[in-house]
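Trainee: Chains as they are written, first to last, in this note's numbering: chain L, 1 to 1000; chain G, 1 to 1000.
Keep in mind the hints are simulated off the structure, nothing from the lab. Keep in mind that the hints are not guaranteed to be accurate.
[To be verified] In silico SDA-like links for lysine to any residue, alpha-carbon gap of 25 Å or less: (1) G:LYS96 to L:ASP319; (2) G:LYS115 to L:HIS323; (3) L:LYS96 to G:GLN116; (4) L:LYS96 to G:ASP319.
The structure presented is a predicted model; accordingly, all values stated were derived computationally and were not measured.
There are 2 protein chains.
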Amino acid sequence: MAAGQQQLSVASFFFFFFSGVLTFPLGPENKSGHVCGYESCHVTKHNMLNVHLVPHTHDDVGWLKTVDQYYYGDRNDIQHAGVQYILDSVVDQLLKNPDRRFIYVETAFFFRWWKQQSSGVQQTVTQLVNQGRLEFVNGGWCMSDEATTHYSAVIDQMTLGLRFLNETFGSCGRPRVAWHIDPFGHAREHASMFAQMGYDGFFFGRLDYQDRVRRMLAKEQELLWRASDSLTPPAADLFTGILPNGYNPPEGFCWDQSCDDPPIRDDPDLEDYNVDEVVRRFLDTANDQATVYKTNHIIMTMGSDFQYENANLWYKNLDKLIHHVNARQGNGSKVHLLYSTPSCYLQELHRANLTWALKTDDFFPYADSAHDFWTGFFTSRPALKRYERVSNSNLQTCNQLEVLGGPASRKGPYGEGESQTMKEAMAVAQHHDAVSGTEKQHVANDYARRLATGWQHCQVVVSNTLAALSRSSAERIYCDNLNISVCPLTASSKQFSVSVYNPLARPVTWPVRLPVNGESYSVSDAKGKAVDCQVVPVSRATREVRKNRGHAVNELVFQVQAPPLGYTTYSVSLLQNGPPPAPPGPALQQPSRTSICCVRVLQFLRVTFDPDTGLLSSLSNLETNQSIKLTQNFYWYNASDGNNSESNQMSGAYIFRPNSSTPFIISRMAKTETVQTSVVQEVRQWFSPWASQVVRLYTDSRALELEWTVGPVPIDDSLGKEVITRLDTSIKTSGLFYTDSNGREVLQRRKDFRPTWNLKQSEPIAGNYYPINSRAFIKDDVDQLTVVTDRSQGGGSIQNGSLEIMLHRRLLYDDVRGVGEPLNETSNIFPQGLVVRGRLLLSLERPPAAADTHRPLAQEVVLQPMLTFTDGALSPDTRLEFSGLQAALPPAVHLLTLTQWDSDSVLLRLEHQFQIWESEVNSRPVTVNLQKLFSTLEVVGVSELNLSANQWKDEMKRYDWTPQTDKKPPLLKTFEDPSTWEVTLRPMEIRTFLLRVHLR
Amino acid sequence: MAAGQQQLSVASFFFFFFSGVLTFPLGPENKSGHVCGYESCHVTKHNMLNVHLVPHTHDDVGWLKTVDQYYYGDRNDIQHAGVQYILDSVVDQLLKNPDRRFIYVETAFFFRWWKQQSSGVQQTVTQLVNQGRLEFVNGGWCMSDEATTHYSAVIDQMTLGLRFLNETFGSCGRPRVAWHIDPFGHAREHASMFAQMGYDGFFFGRLDYQDRVRRMLAKEQELLWRASDSLTPPAADLFTGILPNGYNPPEGFCWDQSCDDPPIRDDPDLEDYNVDEVVRRFLDTANDQATVYKTNHIIMTMGSDFQYENANLWYKNLDKLIHHVNARQGNGSKVHLLYSTPSCYLQELHRANLTWALKTDDFFPYADSAHDFWTGFFTSRPALKRYERVSNSNLQTCNQLEVLGGPASRKGPYGEGESQTMKEAMAVAQHHDAVSGTEKQHVANDYARRLATGWQHCQVVVSNTLAALSRSSAERIYCDNLNISVCPLTASSKQFSVSVYNPLARPVTWPVRLPVNGESYSVSDAKGKAVDCQVVPVSRATREVRKNRGHAVNELVFQVQAPPLGYTTYSVSLLQNGPPPAPPGPALQQPSRTSICCVRVLQFLRVTFDPDTGLLSSLSNLETNQSIKLTQNFYWYNASDGNNSESNQMSGAYIFRPNSSTPFIISRMAKTETVQTSVVQEVRQWFSPWASQVVRLYTDSRALELEWTVGPVPIDDSLGKEVITRLDTSIKTSGLFYTDSNGREVLQRRKDFRPTWNLKQSEPIAGNYYPINSRAFIKDDVDQLTVVTDRSQGGGSIQNGSLEIMLHRRLLYDDVRGVGEPLNETSNIFPQGLVVRGRLLLSLERPPAAADTHRPLAQEVVLQPMLTFTDGALSPDTRLEFSGLQAALPPAVHLLTLTQWDSDSVLLRLEHQFQIWESEVNSRPVTVNLQKLFSTLEVVGVSELNLSANQWKDEMKRYDWTPQTDKKPPLLKTFEDPSTWEVTLRPMEIRTFLLRVHLR
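Looking at chain L on its own, in the form it has when it is part of the complex (with noise of 0.2 Å):
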């Protein structure tokens, strides 16, 4: 038996201290006599060529339909496409033959199926998962998108999938391999926490097309992905495998109902008999793969999109095939075929015992052609990449919300409520056409829709723990749309309290805009104690977008300090008797030497503007006293409509393909106002009737922010547009910036060139786009500038000093990579075309101390403070401030999870937050006492989980690779926790634990 091959103990389990009694199981008894996992492969023939066929389907939780109507097979007409008739065929004949084999990957879809069997079938279907004939891979919620994710939401996803699999099928249906076959290029991120959740391999389709050729004639389509350069290899050590066809079946080969390809004919008294030809065709393809790979074993996906809907139709000529190739060995061939599964060839590959090429970047831009990069879906659908952002920051505040309220949470005097769909919606959006902006636009709708409908849900539970925490029943009011400047109560209230509760685990402070209608108003903390606060007048811009939904002519502005994983309360007065007539609008002023205000100096930074242009021209930091050059404006790029000499590739959901290499100047002058008060100076900026930016400064912040408003992009020209924000400075970057991926880990990126390969440049803007999650950096020795978006967005460096990123997309044709609209939003508020908010949020720092300041700014934009709202005077009982810490955490971590585990637990994830080069302060081992971190909850009980919580962590034993050439690591200090209750985490480390807990 290998390593890895037991199985998953669950009725037992290490205490790695002991607290007490934990009684909770990961699943369901382990029944004896199971042959599931690598036990249950067929055996192989050492001598010879061993095909593994891998029936699978490929089933998008979301794309050119909904997930649902996917499940159903509704909207056939759109694509002929039904989850349950899938599951319920391939049980069918999996049934049929003891032999065949499946993989499914889909939890959202198995779940909806699972819940809808009778127990007879689940008896079925169980024994069928017990024999490893029914293997789960991946097993996530969704197959995710690796470009625009956030990790947070990622491993959300995924122990939300592999959980339902876990708590059904027990061990046996703990998915042994990731399989990510479609999504559009690889984030090292990704590899780094599949290492961690315990696959013992990863595969792909999708990578590109240069290092593709490269990797065959090379035979390094089998790799090993070291997916950190922080974590203790092999901690973060990943098994890659690109598999031969993407994920399809090699040609001719192709037996669904949704192919052509012919049957076997073995009736000889049919016409057409062609075993003999289909059998020399399959020997040739199966020899000329394995050309390309390193062992005697090859893998060919037998499946595609949501293939085997009718699997008699695979099984039936698959088992024809098997038949006939394997009955030429009697003469004398040497090819072996066999049904199997990604699991059983990766045992293959183990088994061979061999050294496999070391990779430590990542998969990213993906090519498929030399005029076909995937690098437009980085910023596709921009408005839904940030409601998906915030989405996750409001379900984490209600995950802490439903822990630290218990039961109370769950029904109280708001009604009942529960995370469970919320996280569901969460979880779907993060499928690879979902946040990824490459769905249709109903599909898109209903990401959103599902998004809201959560968060109903969830409002509910934060209501209910509020009010229990407060005491306080009365009313609470949320507004969604601040960032538009609407919020009906406090647009017409003259008294009412604001309650901000804060998700981090340090106290954050933190700008609040208010739409008001009155001229002066009185704010104080929950000590009674007077806040300085400005009254400011909505922008143009604003009132623009928001058009009717909203009708406040002010925005109150003052500084929240909450404390950490708790709230603080408000209280908000107006001064004046009943909101005031309407000021006018300050008029907007040309840009000229007199008007604009040239210097902005603040706490901590100082900003100038161009008084000719109305534009950025430098930014400074105070503390560290150093300065560079900024100027930043906003452009477009013709987008492609494939008339093209060298290519018909449009830009579309997918793909960026700007028409020419340089962008339209949307203005090369901003018409600008300003606005400068004690609390908050604007420089609002106007470009043109459809972009806009406020650059503000907040007295006490180490950042700028830019919040730029764009749309609706005009399409009159019947131009198609992909519009950026350029930011040109002084430092000298020689071709190299960087970016994070999946909002943790930051990978260098140098212009016209790939690490693992020789690139052959085709694109020079698009080929130079990555994937921007959280932030992006450019520097020198001295200056480093950071961006912290508030969503992932596409981005590039394709000048020295210059950072530019996608902000907003209009395009007028399909890209023809099966969405089969072009990316063109209009809603009926925006029927001219979608308006886009976001915000950049910038600094400038020394490199060293870099990400002191962006590592805990981006948390901040990520996990954002809730505020919700009371109208009148509280009750004099109510407590106004709250901390669910008994300490703010150490600067290094971050409190990745809470969330209630079942009726006694929790599952608690500490992350340390920087990685192993970033910071001289923080990048060292920083330790947590468990026992000593809640101030309402007893930790009466821990053990420790795998990064997906499905095994438990001591028990996780994962297939050993050895690399061809190991980058030896820089040697770490090994640490040991140095007491029982201590856990200590090292650069980049997440432990996930579950914490038996009493309320207080």
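Fit chain G to the known structure of chain L by using the hints.
Mentor: Only chain G this time, still in chain L's reference frame:
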């Protein structure tokens, strides 16, 4: 238990006279405990509207793909269809819920599938059949075409299919209803046959749109069809139901994988729960349908072409539909859904005990809209139609000789032969997209190839038997291309013999035309007597048609006389030594009074030609002393290309739609050449490079032969052409003419008239076309001109005294009925377009005696002598003549079937071939003694069967139905069989016997 419900007791059967022990069962032992047929129907609710949901698939035995491509699911690029998977899937799904039902129709497919199943699957299927969950309907090898088939081949194909079902499943496998849901119009003779095959009812889908409307309003979509004017009711009475939606499900309720209707979404947790909406829609549909039918039962066909390949989709949704609709009964709904079959529905109609409208005409022509008459396929693919007819003749000869030769026929000096391949090929060719000509070109080629292959196997049987009977194993040559004067043996040999086998039960005189290169030959008959023979030059048309396939310059013509069910042998010797140089063909002559033979007088006929035009001008019968004016010429209709203000319907494989009602004449006059010998006189008419004719008169014939040759039909003018010949006579037809139904009973046709509804004629030509299977005639009180055809064709009588027959069609557009190809036949041999040759035989008689001529004449064309050739001199002990009968049968009796059934029994069908009103002489009962029938077979036992040979005649109990208005049939004298061995045949009666025989 209603009449007809008892099961076939196959283990015991009735001997209507004792003549030995007949022990062959018709099928497997009937098992006790089987509940199939009517007994297995679900209960209905008498106070509700019962909706019979009938899951079914319609599996064309070839159409867009060949029958084997359909079976395997090959060429799914053409059409997604794979019958093997349909049967796999349906069986699986029936097992999942015992309430489910399925009907299967086409035994050609079921047979292919069955033989590939394991015994376990076979047992399972048998159980499903025995429980009535899988029910066979129709059950022939295919669902035959009704317009272009000959009854002989239809009975054979039904017998073939039903025999398989009977032998495989016994009584539970016997279909209770006939099911012709797709054929394009319905023949009365088919209904008559179905009645005699024991079906309780008949359902179909297509009828004239005007007829449909009238029947809906009158609730006459269910009716009693009295399908013979000769057979005593209810022998040919057939309850007939017209299905509500063709054979499709009601709109919005198609849940096949090929459909896009919304599935039932019944999980309230998923989006778009639609149960209420679906139930409401369904109730509306059911109630609407109920208004146009008579009882509180309605039928819905839940399936369509090649559906149920993934039966789960259908059944899962039907289960839900039934559940949710019936659940409404708790709220007062009066609609009850049930899984059902056509027989279960029929049982309820029978129980309703109503009277039903009586119909005595047929359902031709079929129009689905005002300009969409499906009358083109009556003629489409005339070469295939002829080849099918010739093949039937060959098969009957093969069958007879298999019986007469006994085991020696199947294994002998010529190897191993069998008739099964040809039986199956012929059965497949009866399909309503086979001989109909409505298949794709490659499928038509496949049908022809199958017939050719079948004939190869049959040739061995024929040769072996002739060898046994003649005691000569000399090599036998078959010349299948004598119609174009190709036979290498006769063309080159100086001495050879020709053996003429006559499959009719009467002696025949038959002209033989053999390609030769000599000038002078001697021919002697079996008794050594010299026979008058003549050498005539091969015609220019033949030389052009045959191209390089033959080079004979002359034809040797003589009359042969062959004994009943036997052969005779003629010896032929060249009188000069070696073939002489080819003489130049006689020069064509312009019509002129001097060059054309104006009058041809023969023994029985006088024919005159117009010396100015070269066209026929009169025809006289010298025996009856009658004479008519007769002009005959060739024309073409310009096929509609769809560019028409009234309709955009094109002429195509199905549809005949001339652009104008006036056809174009090919040539007003014919160039002619004449041949005049003592055996035959010919006037060879040359109308154009693509239209010619030989008017041929054999000295002792009562029929005038018109051998037409048409093609390649030119299309360089981009006009599709539908070529007709038209006979214009002095007969006063008063708008009437007559056509046969499937080669048997004759129906009266009236221009612009339908017997059962008030016709609004919208296509003056196409709407007056009817199928002509073997003959058509026009008559008045004194003259009847009958045209016997050599294949099925379409024709009409547009003007008084006129009869036109469509010969060939070459079209440039598809007619949008699915075949997707224009009917534009070319081949390797005819790359410029197919050339077709055929014969019309004209007889002029007094109406009361006309059938005495045309009945035997038509049978001679249907069952033509089979010629075999032997080179050189025959050995002296060769038996030159043989008859299988002790004596010729009486003129009224046709030996329809003589074929081996199993090792010691043969199937015999004797037929009275006259209608009751047709002949003063022959329309009388006639008696045959079975024991005195055969010369070499001793009949030791006999039992009578139903027409399809799947039930003992005396056990065939059919439902009784009461017509609304019983047109009392003429009182017929009832004849008893005069003796135990003698059987009496009444007009149009076919009696089917299983004989136990010994070779004497």
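Trainee: Each hint needs a verdict: does it hold in this structure or not?
Mentor: Hints, verified against the model:
| no. | hint | in the structure |
| --- | --- | --- |
| 1 | G:LYS96 to L:ASP319 | holds, 24 Å |
| 2 | G:LYS115 to L:HIS323 | holds, 19 Å |
| 3 | L:LYS96 to G:GLN116 | holds, 16 Å |
| 4 | L:LYS96 to G:ASP319 | holds, 24 Å |
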